[in-house]
Amino acid sequence: MPELPEVETIARLIAPRLAGRKILAAEFRCGFVMRADPDRTAGMLIGRKIARVHRRGKFIVLELEGGGFVSIHLGMTGRLFTKGDPGPYTRAILTLDRGMLLFDDTRRLGRFEVTPELPARIARLGPEPLEVEFAEFAARLAKRKARVKAVLLNQMFLRGIGNIYADEALFRAGIHPLAIASRLRKDRVRRLHKAVVQVLTEAIAKGGSSVSSYVDADGRRGFFQVEHRVYRRTGEPCVTCGTPIRRVLVTQRGTHFCPRCQKR
DNA sequence: ATCGGTACCTGCACGC
DNA sequence: TGCGTGCAGGTACCGA
290 MPELPEVETI
300 ARLIAPRLAG
310 RKILAAEFRC
320 GFVMRADPDR
330 TAGMLIGRKI
340 ARVHRRGKFI
350 VLELEGGGFV
360 SIHLGMTGRL
370 FTKGDPGPYT
380 RAILTLDRGM
390 LLFDDTRRLG
400 RFEVTPELPA
410 RIARLGPEPL
420 EVEFAEFAAR
430 LAKRKARVKA
440 VLLNQMFLRG
450 IGNIYADEAL
460 FRAGIHPLAI
470 ASRLRKDRVR
480 RLHKAVVQVL
490 TEAIAKGGSS
500 VSSYVDADGR
510 RGFFQVEHRV
520 YRRTGEPCVT
530 CGTPIRRVLV
540 TQRGTHFCPR
550 CQKR
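Last residue of the first sequence: 553 (our numbering), numbering continuous.
Watch out, some of these pointers could steer you wrong.
[To be verified] No more than 27 Å apart at the CA atoms, straight line, and that leaves these computed lysine-lysine pairs for DSSO-like:
hint: 1; residue 1: K432; residue 2: K475
hint: 2; residue 1: K432; residue 2: K495
hint: 3; residue 1: K372; residue 2: K338
hint: 4; residue 1: K434; residue 2: K483
hint: 5; residue 1: K552; residue 2: K432
hint: 6; residue 1: K311; residue 2: K372
hint: 7; residue 1: K338; residue 2: K311
hint: 8; residue 1: K483; residue 2: K372
hint: 9; residue 1: K495; residue 2: K372
hint: 10; residue 1: K434; residue 2: K552
hint: 11; residue 1: K552; residue 2: K475
hint: 12; residue 1: K483; residue 2: K495
None of these hints come from the bench; they were simulated from the model.
Using the sequences provided together with the hints, build the complete structure.
This is the structure:
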């Protein structure tokens, strides 16, 4: 479900509620979401204090005082709550000295991991899209021979962009999703960089999008969906030129674009 | 090293 | 009503 803006929204909301709290109990209900041994994992958590909470790409990372990390990935359908009751899709429950953390995930594509060090696959992610300088953005893009849509989705290129914001950024930049990344001219690369920053910044300001199931830790919904210009608008008129929005597959992901406004 | 296809999951909307 | 199909914001892994 969530991309950078949604994860950021959730992280900002739960961080002050979790920072400084001590973990009293940990319960896990799904071996797929948490692959390690549940008892051993609980043992790594109980009695520990959460030092701080931050987002890294689409991961939410809880740093434990004295070392250790809880890395949470929401997959497509993961949700975090700081209050409420466990339900049929609850996969992890942390009981704190004040409050709780509840992790729900219907499709079980999410992950809840506890490790002594920050996992390599998180440490290895590409730069944050809102922090990367244009020069680095351009240099990284120039090395990629894949389609630009696929590159935007690659977390080793930039961390945090997903299917919605990739489509929306490409539309705003006027770039065809099937264009080869390394062949984009400099002015178009500049437009793409600007569009990525813009679309993510706007979405964060609005509290993340809401396609179907996104609910933040307070159960509120984001409202960015009303602003989607191409995503899931197949057949509807382009907001700029009226041409019907088209849908194609890029690396098996639905990809929406205006065939007139977005050139290769 | 990089790229594209596939696997991993469940639920929902849709047409028949 | 029930069933089959296609779709869904995720990453990991494999062979080319």
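How the hints compare with the structure:
About 14 Å separates the Cα atoms of K432 and K475, which keeps this hinted pair within 27 Å; it holds. With a C-alpha separation of about 33 Å, the suggested pairing of K432 with K495 is violated against the 27 Å cut-off. Of the supplied pair hints, the one linking K372 and K338 holds, its CA atoms being roughly 19 Å apart against a limit of 27 Å. As the CA atoms of K434 and K483 are separated by approximately 21 Å, the hinted pair is consistent with the 27 Å bound.
Straight-line distance between C-alpha atoms of K552 and K432 comes to about 21 Å, which keeps the hinted pair within the 27 Å bound. Restraint check for K311 and K372: the C-alpha separation of about 16 Å stays at or below 27 Å, so the hint holds. Pair hint K338 plus K311 holds up; C-alpha atoms about 4 Å apart against a cutoff of 27 Å. Among the hinted pairs, K483 with K372 is inconsistent with the structure: their alpha-carbon atoms are about 38 Å apart, more than 27 Å.
Note on K495 and K372: the hinted pairing holds, with a Cα-Cα distance of about 23 Å set against a maximum of 27 Å. In summary, the hint linking K434 to K552 is supported, as the alpha carbons are separated by about 17 Å, within the 27 Å threshold. At roughly 15 Å between alpha-carbon atoms, K552 and K475 fall within 27 Å of each other, so this suggested pair holds. Distance hint between K483 and K495 is fulfilled; the C-alpha atoms sit about 18 Å from each other, no more than 27 Å.
Hints 2 and 8, counting from the list given before, are not met by this structure.
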